[in-house]
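Peer 1: For chain X, the structure is supplied; the task is to place chain V on it using the hints.
These protein sequence lines map, in sequence, to chains X and V.
Residue numbers for the first sequence follow the working numbering, so the first one is 1 and each next one is one higher.
Residue numbers for the second sequence follow the working numbering, so the first one is 407 and each next one is one higher.
Accuracy of the hints is not assured; some may be wrong.
[As the list claims (entries may be wrong)] Chain V is nowhere near these chain X residues, computed Cβ spacing over 10 angstroms in every case:
| hint | residue |
| --- | --- |
| 1 | MET1 |
| 2 | GLU140 |
| 3 | TYR215 |
| 4 | ASP293 |
| 5 | GLY391 |
[Unchecked claim] So the derived label-pair ranges between C-beta atoms look like this:
| hint | chain 1 | residue 1 | chain 2 | residue 2 | range |
| --- | --- | --- | --- | --- | --- |
| 6 | V | LYS496 | X | LEU229 | 53 to 63 angstroms |
| 7 | V | LYS598 | X | GLY394 | 32 to 42 angstroms |
| 8 | X | GLU151 | V | ILE462 | 26 to 36 angstroms |
| 9 | V | PRO556 | X | GLN60 | 25 to 35 angstroms |
| 10 | X | VAL82 | V | THR643 | 31 to 41 angstroms |
| 11 | V | THR673 | X | GLU94 | 48 to 58 angstroms |
| 12 | V | GLN484 | X | LEU229 | 33 to 43 angstroms |
| 13 | X | GLU151 | V | LYS496 | 26 to 36 angstroms |
Just so you know, these hints were derived from the structure itself, not from any lab.
Each residue gets a CB set at the ideal place from its N, CA and C atoms; glycine is no exception.
Listed below, chain by chain, are the residues.
Number of protein chains: 2
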Amino acid sequence: MRKPRVVILGAGYGGMMTTTRLQKTLGTNEVDITLVNKHDYHYQTTWLHENSAGTIHHDQTRIPIKDVVDFNKVNFVQDTVVSIDPDNKKVQLEDGELEYDYLVVGLGFETATFGIKGIEEHAFTIQNINSARLIRDHIEYNFARYNNEPEDRPELITIAVGGAGFTGIEFVGEMANRVPELCKEYDVDPDKVRIINVEAGPSALAGFDSELVDYAVKRLEAKGVEFMLSTMIKEVTPEGILVERDGEQELIKTNNFVWAAGVRGSTIVEKSGFEVNRGRVPVRPDLRAPNYDDVIIVGDCALIMNEETERPYPPTAQIAIQMSYVASDNIKALVRGSNELKHFKPEILGTVASIGEGDAIGVIFGKRKLFGWTASVMKKVIDNRYLLKLGGVGLLLKKGKFNIFK
Amino acid sequence: MRKPRVVILGAGYGGMMTTTRLQKTLGTNEVDITLVNKHDYHYQTTWLHENSAGTIHHDQTRIPIKDVVDFNKVNFVQDTVVSIDPDNKKVQLEDGELEYDYLVVGLGFETATFGIKGIEEHAFTIQNINSARLIRDHIEYNFARYNNEPEDRPELITIAVGGAGFTGIEFVGEMANRVPELCKEYDVDPDKVRIINVEAGPSALAGFDSELVDYAVKRLEAKGVEFMLSTMIKEVTPEGILVERDGEQELIKTNNFVWAAGVRGSTIVEKSGFEVNRGRVPVRPDLRAPNYDDVIIVGDCALIMNEETERPYPPTAQIAIQMSYVASDNIKALVRGSNELKHFKPEILGTVASIGEGDAIGVIFGKRKLFGWTASVMKKVIDNRYLLKLGGVGLLLKKGKFNIFK
Chain X
1 MRKPRVVILG AGYGGMMTTT RLQKTLGTNE VDITLVNKHD YHYQTTWLHE
51 NSAGTIHHDQ TRIPIKDVVD FNKVNFVQDT VVSIDPDNKK VQLEDGELEY
101 DYLVVGLGFE TATFGIKGIE EHAFTIQNIN SARLIRDHIE YNFARYNNEP
151 EDRPELITIA VGGAGFTGIE FVGEMANRVP ELCKEYDVDP DKVRIINVEA
201 GPSALAGFDS ELVDYAVKRL EAKGVEFMLS TMIKEVTPEG ILVERDGEQE
251 LIKTNNFVWA AGVRGSTIVE KSGFEVNRGR VPVRPDLRAP NYDDVIIVGD
301 CALIMNEETE RPYPPTAQIA IQMSYVASDN IKALVRGSNE LKHFKPEILG
351 TVASIGEGDA IGVIFGKRKL FGWTASVMKK VIDNRYLLKL GGVGLLLKKG
401 KFNIFK
Chain V
407 MRKPRVVILG AGYGGMMTTT RLQKTLGTNE VDITLVNKHD YHYQTTWLHE
457 NSAGTIHHDQ TRIPIKDVVD FNKVNFVQDT VVSIDPDNKK VQLEDGELEY
507 DYLVVGLGFE TATFGIKGIE EHAFTIQNIN SARLIRDHIE YNFARYNNEP
557 EDRPELITIA VGGAGFTGIE FVGEMANRVP ELCKEYDVDP DKVRIINVEA
607 GPSALAGFDS ELVDYAVKRL EAKGVEFMLS TMIKEVTPEG ILVERDGEQE
657 LIKTNNFVWA AGVRGSTIVE KSGFEVNRGR VPVRPDLRAP NYDDVIIVGD
707 CALIMNEETE RPYPPTAQIA IQMSYVASDN IKALVRGSNE LKHFKPEILG
757 TVASIGEGDA IGVIFGKRKL FGWTASVMKK VIDNRYLLKL GGVGLLLKKG
807 KFNIFK
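Just chain X, with the same shape it has in the complex:
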């Protein structure tokens, strides 16, 4: 009898943890597992703002897939997913095609532009290793250019960020730490550098406790970050960003605009005919896609409602990882012919946003507030815990963040 074929698309938090859990709990005699990923590495999406700012190197953020996946147990295909054909149980890749019996979709997020003109052409996004490294190098290059221009061009050393959500705040926090280093490396006067955060809503970090938000904003302002709240970005041009506040428009000249205000699920999922809501598939309680009993969706492509708030849970690493537990258990059950599938129930242990080196804000266990250094240590503990789960002590020692006193 042919072994059931499980195909996992994407080696992000959800796909990666599902793969490593399956390789531990299922024998090679009972299943044929294939992991498909564009790159031969996994990366910590939650660290990309640091790679983008240049405060940590991308090699710390990424993990070779071969270091955590046992290639004797799992087939690894390095390729790009083009589309899924769930009716015929096939996946189209750029360089081939795969058939599956059970599919796990963990294709992650894409940037949501909300139809704002010019974002696709002129904005940088913190999306993957390539795009993060590009931001780092783009900013460095502009600092290098600054002293070579015949006229003063402040837009080269003005960094503007769209969105004061998690990513936007964490990125400006890192940039505030990075700017003094950049000024030294490129002989630029620190007083001339600007870091501007533009947010459409009336407050940074919407949904966060206001005491924590106040702390974060004050700390970032003290480091030179300028906040423009209740300000809409109307258009992004090669010259800068056109913003509107109280009906008044203004062009902020910048050659370094990072859009960090919105994500959506992978468009591949939508194009493949799955039902979507804002780019994410409203999965069943057992994480299976509506209408397809053999397709499980994990991570940022899956939409789960928070029944208390009647809003979807935000797409976070924490939820993606928790989903992978249920996904791997349910795949195991399906492979073994059982239909007793587990239901997914997110458990928000804590949420911590870093605001630069040794500084952060957060809430743990749904109530306890953390500030400053304590919060920054907690964030590192959370990240290290993930590495331990994913690849054991070896991976933790290799890629962990231990420098809590720096």
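Peer 2: Here is chain V on its own, set in the frame of chain X:
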């Protein structure tokens, strides 16, 4: 009685060594010395190709002027020279004006474009710390861009260099060492990167011993450098360089074009009414400018004929440094009311061109040929000797190149 005022323009090899020698040999009671320079640092022009390639950091190449000039003995003015008025003994600066009794002009070189269209707009030049750092960052940025482009754009990782003279050869040598590092940092396939050297003449390193040239070219080719000899650059465009060989034109697509084929003396000297020949002042044997008994020209702005070859000596650090000895002695004589001035006679001790880490070619004492590691050590010895002369053991230890086994 008013002390004679000596003004030195430029803190390059010539101006810097003249200043430090004058501060040692003349008392503050007998002279008033002012050094004018655009930046508050001196730099080793002969190391800029390494800064451009990114193989050494520019902070090793530059030396704060305050570290070698005694500000109790010398006035330092950080400003840009606009023009000289030798008839009225005045120097116009961007932010002021200086009067002098004796002037030393060491304003260095500028790029000679030979009228080739597009060089000013689209070519990078290895000229100073700012322009070298820009080349490093431009190439890095293009490597970062490469993996973010929807289509293959080989021009981003094609490095073209105009000129196989000293600078062009030394730069491609460094780039050949740097490319493997860049490929690792930016996840680029080394086989896709090209380094192309375009030279109008039939041979690289014109004027050098042919056995040494053959060695250099073979070593560089083995490291992947492509040479296009007897090839003229007709035009530089945003897309690349249009070259012509044997009457056939070809567009070499590149976004990284470095023009290293020609230098001329500072245009300020020409604009100020001094007699010039190819942008350099044909100085008298005592290094004074024709018609001006109180103006000494040193370094790349001074033209000295080699009577043996009936061609001008090339503008090198070695000659600039040797000129500073005569210049400082002659200034001392003039200040003390003597008219017995020394004549300058260049003494070519050796010429060594590096072709990458631990590899070089050279001739010393006019006859002995050096290859490979020996030559590379000799080059470091020459550079270290200069540091010792300029700033003593302290400077040598701080900025010297000692890692000969690397």
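Peer 1: Against each hint, give a clear statement of whether it holds in the structure.
Peer 2: Hint check results:
no. : hint                                    : in the structure
1   : MET1                                    : holds, 42 angstroms
2   : GLU140                                  : violated, 6 angstroms
3   : TYR215                                  : holds, 34 angstroms
4   : ASP293                                  : holds, 36 angstroms
5   : GLY391                                  : holds, 21 angstroms
6   : V:LYS496 - X:LEU229: 53 to 63 angstroms : holds, 55 angstroms
7   : V:LYS598 - X:GLY394: 32 to 42 angstroms : holds, 33 angstroms
8   : X:GLU151 - V:ILE462: 26 to 36 angstroms : holds, 30 angstroms
9   : V:PRO556 - X:GLN60: 25 to 35 angstroms  : holds, 28 angstroms
10  : X:VAL82 - V:THR643: 31 to 41 angstroms  : holds, 36 angstroms
11  : V:THR673 - X:GLU94: 48 to 58 angstroms  : holds, 54 angstroms
12  : V:GLN484 - X:LEU229: 33 to 43 angstroms : holds, 41 angstroms
13  : X:GLU151 - V:LYS496: 26 to 36 angstroms : holds, 27 angstroms
Going down the numbered hints, you'll see the structure goes against just number 2.
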